[in-house]
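**Q** Protein sequence lines, in the order shown, are assigned to chains Y and G. Take the first sequence: its letter number 232 is residue 232 in the numbering used here, and every next letter is one higher. Take the second sequence: its letter number 100 is residue 100 in the numbering used here, and every next letter is one higher.
Derived from the structure by calculation, the hints contain no laboratory data. Source: prediction; values computed, not measured. Keep in mind that the hints are not guaranteed to be accurate.
[What the hints assert, rightly or not] One-sided and incomplete, this derived list gives chain Y residues near chain G with beta-carbon spacing under 10 Å:
| hint | residue |
| --- | --- |
| 1 | His46 |
| 2 | Ala75 |
| 3 | Phe101 |
| 4 | Ala136 |
| 5 | Ile176 |
| 6 | Thr177 |
| 7 | Leu181 |
| 8 | Thr198 |
| 9 | Glu203 |
| 10 | Arg218 |
| 11 | Asp248 |
| 12 | Pro253 |
| 13 | Lys296 |
[To be verified] BS3-like mimics (lysine-lysine), calculated; alpha carbons at most 30 Å apart, straight line:
| hint | chain 1 | residue 1 | chain 2 | residue 2 |
| --- | --- | --- | --- | --- |
| 14 | G | Lys229 | Y | Lys235 |
| 15 | Y | Lys324 | G | Lys214 |
| 16 | G | Lys227 | G | Lys202 |
| 17 | Y | Lys23 | Y | Lys227 |
| 18 | Y | Lys296 | G | Lys2 |
From the three backbone atoms N, C-alpha and C, an ideal C-beta is built for every residue, glycine too.
The residues making up each chain are set out below.
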Amino acid sequence: ISTLVLAEHQGGAIKPQSVSAVKAAKSLSNDNPISLLLAGSGSALHEAAANAASCDPSVSEVLVADSDEFSHPLAEPWAKLIHLVQQKGGYSHVITASGSFGKNILPRAAALLDVSPITDVIEISDPHLFVRPIYAGNALCTVRYTGAGPCLLTVRSTSFPVPPILADSKSNEAPITQVDLSTFGEDSVGKSRYVKHTSQDTERPDLGNARVVVSGGRALKSAENFKMIEKLAEKLGAAVGATRAAVDAGYVPNDLQVGQTGKIVAPELYMAFGVSGAIQHLAGMRDSKVIVAVNKDAEAPIFQVADYGLVGDIFEVIPELLEKLPENK
Amino acid sequence: MKIMVAIKRVVDYAVKIRVKSDKSGVETQNVKMSMNPFCEIALEEALRIKEAGMASEVVAVTMGLKQCVDTLRTGLAMGADRGIHVETSGPLYPLSVAKLLRALVEVEKPGLLILGKQAIDDDCNQTGQMVAGLLNWPQGTFASKVVLDKEKQIVTVDREVDGGLETLCLDMPAVITTDLRLNQPRYATLPNIMKAKSKAIKKFTPEDLNVEIKSDIEEVQVTEPPKRKAGVILSSVDELIDKLKNEAHVI
Numbered sequence: 001i002s003t004l005v006l007a008e009h010q011g012g013a014i015k016p017q018s019v020s021a022v023k024a025a026k027s028l029s030n031d032n033p034i035s036l037l038l039a040g041s042g043s044a045l046h047e048a049a050a051n052a053a054s055c056d057p058s059v060s061e062v063l064v065a066d067s068d069e070f071s072h073p074l075a076e077p078w079a080k081l082i083h084l085v086q087q088k089g090g091y092s093h094v095i096t097a098s099g100s101f102g103k104n105i106l107p108r109a110a111a112l113l114d115v116s117p118i119t120d121v122i123e124i125s126d127p128h129l130f131v132r133p134i135y136a137g138n139a140l141c142t143v144r145y146t147g148a149g150p151c152l153l154t155v156r157s158t159s160f161p162v163p164p165i166l167a168d169s170k171s172n173e174a175p176i177t178q179v180d181l182s183t184f185g186e187d188s189v190g191k192s193r194y195v196k197h198t199s200q201d202t203e204r205p206d207l208g209n210a211r212v213v214v215s216g217g218r219a220l221k222s223a224e225n226f227k228m229i230e231k232l233a234e235k236l237g238a239a240v241g242a243t244r245a246a247v248d249a250g251y252v253p254n255d256l257q258v259g260q261t262g263k264i265v266a267p268e269l270y271m272a273f274g275v276s277g278a279i280q281h282l283a284g285m286r287d288s289k290v291i292v293a294v295n296k297d298a299e300a301p302i303f304q305v306a307d308y309g310l311v312g313d314i315f316e317v318i319p320e321l322l323e324k325l326p327e328n329k
Numbered sequence: 001m002k003i004m005v006a007i008k009r010v011v012d013y014a015v016k017i018r019v020k021s022d023k024s025g026v027e028t029q030n031v032k033m034s035m036n037p038f039c040e041i042a043l044e045e046a047l048r049i050k051e052a053g054m055a056s057e058v059v060a061v062t063m064g065l066k067q068c069v070d071t072l073r074t075g076l077a078m079g080a081d082r083g084i085h086v087e088t089s090g091p092l093y094p095l096s097v098a099k100l101l102r103a104l105v106e107v108e109k110p111g112l113l114i115l116g117k118q119a120i121d122d123d124c125n126q127t128g129q130m131v132a133g134l135l136n137w138p139q140g141t142f143a144s145k146v147v148l149d150k151e152k153q154i155v156t157v158d159r160e161v162d163g164g165l166e167t168l169c170l171d172m173p174a175v176i177t178t179d180l181r182l183n184q185p186r187y188a189t190l191p192n193i194m195k196a197k198s199k200a201i202k203k204f205t206p207e208d209l210n211v212e213i214k215s216d217i218e219e220v221q222v223t224e225p226p227k228r229k230a231g232v233i234l235s236s237v238d239e240l241i242d243k244l245k246n247e248a249h250v251i
C-alpha cells in the first residue's frame, strides 16, 4: 500500500481539509508511505510545499508540480497530473478531500485511469472497504473496491478531524521533490480557461472548519434581518451558515449553504435559527456535536435532531442571546 | 448544434426512504420514482438554450431498467425532441454510465452534454466529470449560470465552489453539470404529455455500443445511520445559555 494525497493550498499553507485527507490515508494501514502532491506556480507553491512537508510526521514525501497550467484549479490539467503521477509512482490509493476542488477533479482522474472512484467516504474499514452516505445521509452504504487499478477516494474532512497544526512541528520534514512534467503534453490544455473567482471576503472563520456555526433559515425573512445571525456569529467567534431556502431567497451568498448540496459541517456547536430541518439541510449538519434549534413551530423536524430546543420567535430570542451571551474570548 | 442531456430515474425526492431489513439496499418496490431533480435542471437548461435559438435539437438519454422509459417520457413531455434508452439490468455504476455516454456522444455528436451534478440516490457526483475525462472535453461542473456564444463556439459557466463562485470559459464541445440554482425546471403540461407519446425513443444495448458493463466496486451492505438521541425542549434563553455553558461546555 502507498498513497498519493492530492492537497490544496492557499496563501503558502496547506489547507486543513488536506491534512484531514492525510489522516484518512493514515487510517488505511500502518505501513503506508504517504506522498503529498501539490501543484501551482510561483513562490506561494514552494512556501506551501515547505509547510506541507511538516504538516504530519507520516508524510514521507512532498511532490511539487510547478507550472502555469496549475495556477487555477482547472480539472483538465489537474486530472491529467494525477494520472501522470499515479502511473509513475504506482500508488495503490489516491485520496483527496471531498470539497468542490476534489469532487471536480478526482472522478475525472479516475476515468483517465479506468477505475471507479469512491466519493464522500466517511469511514475506512480496511484498505478496500469504505462507508459512504447515500440518499442525503439517510442511509449508509458500505462499498468494497475490487478493482486491480488504483483506488481513488474523496473523503469528508469532518469524518477525519485533525487538531490545529502546531507551528513548531518542523522536526519532521519530508523531502520535497519536483514532478517531472516533460511528458505532460498539451492535448487537454487550453480548452478551458479560468476567468474569475468571486467571494465574500470576511473575517469570520471558515464554515467547513469552524468550532461554532450559527445558521439561519427562511424565517429570517430578509438579507437585512440575516445580519442578526452574523452579529451573533461574531459574538461567538462562529462561522455563518444558511439553509438552501435562505440562499435561494437571496439573503446570503451560495457558499454559506449548509446541506446535502452545500457544505457538510460538524462543529462542536451548531445553532439553527428559523431552520425547519429539511432532510437535505440535516444531511449537512447532523454530525455536529451539540445542536441547538430555535423555531416558533414546535413540530419542526429540526427539533428531532436538536440537543437543545427552544420554541419561540427568533426575532425575540436572537436579541436576547446577543444581550446575554458572554463575549467570545 | 445538438444538446445531449443525461437523465436518471431515482426514488422521488419527497419519499422518505426505507432501508431494507436484510441490509441489501433501499426499498424501491412500490415507491414513487421520478426524474432526478438535478437532471430536470439539466434538461431545463438545454431547452432554454434551444428556445433561445442556440441549439437545433435536445436529445434526452437514460440508462438502466426497462422502467427508465417512463422517466424518458417525462423528459420528452418537458420538451426534449427525442429519447435514447440504453437498456441494462443489474447495478450500473458511474464508470459504466460514462462509457455508455461516451459511446452515445460518438453517435450523436452533440455540442454540449449536460448532466445533473449528482443523483439524489447514490449521491456520487462523478458521471459528468468522468465522461468529460473519457472524451477529453473541458468540463464546467456545479453550474449556476451558463452563457453560450454560438459564434465563437464557447460557453461561459459560473460554478458554485466552496469559496464562492468561479467563472470558467470552455471551448465547445463541453460537458456541463448543473447545480440547484441554475434554473427552475418547468412542469410538463397535459398537451405536451400527450405529444410526448409520439416522440421517438431509440433503444440500444451496451453491446450495440461496444461497452462492456463490468464493475470494480461492490455494495456490501446498506444500513441506517446512527440515530441522534432525543434532546430537550428548554423554556428560556437563560436556560439555554446555562445548558450550553455548564452542561455541554461549548461556550
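**Q** Each hint: holds or not?
**A** Here is how each hint holds up against the structure:
1. His46: violated, 22 Å
2. Ala75: Given a least distance of 5 Å, the restraint on Ala75 of chain Y holds.
3. Phe101: holds, 7 Å
4. Ala136: holds, 7 Å
5. Ile176: Nearest chain G Cβ about 26 Å off; hint violated.
6. Thr177: violated, 26 Å
7. Leu181: violated, 18 Å
8. Thr198: holds, 5 Å
9. Glu203: violated, 15 Å
10. Arg218: violated, 15 Å
11. Asp248: Holds: closest Cβ of chain G sits about 7 Å from Asp248 of chain Y, inside 10 Å.
12. Pro253: holds, 7 Å
13. Lys296: violated, 13 Å
14. G:Lys229 - Y:Lys235: Distance ~29 Å between Lys229 of chain G and Lys235 of chain Y Cα, so the pair holds.
15. Y:Lys324 - G:Lys214: violated, 61 Å
16. G:Lys227 - G:Lys202: Distance ~45 Å between Lys227 of chain G and Lys202 of chain G Cα, so the pair is violated.
17. Y:Lys23 - Y:Lys227: Not OK: Lys23 of chain Y and Lys227 of chain Y at ~36 Å, beyond 30 Å, violated.
18. Y:Lys296 - G:Lys2: violated, 50 Å
Going down the numbered hints, you'll see the structure goes against 1, 5, 6, 7, 9, 10, 13, 15, 16, 17 and 18, while the others check out.
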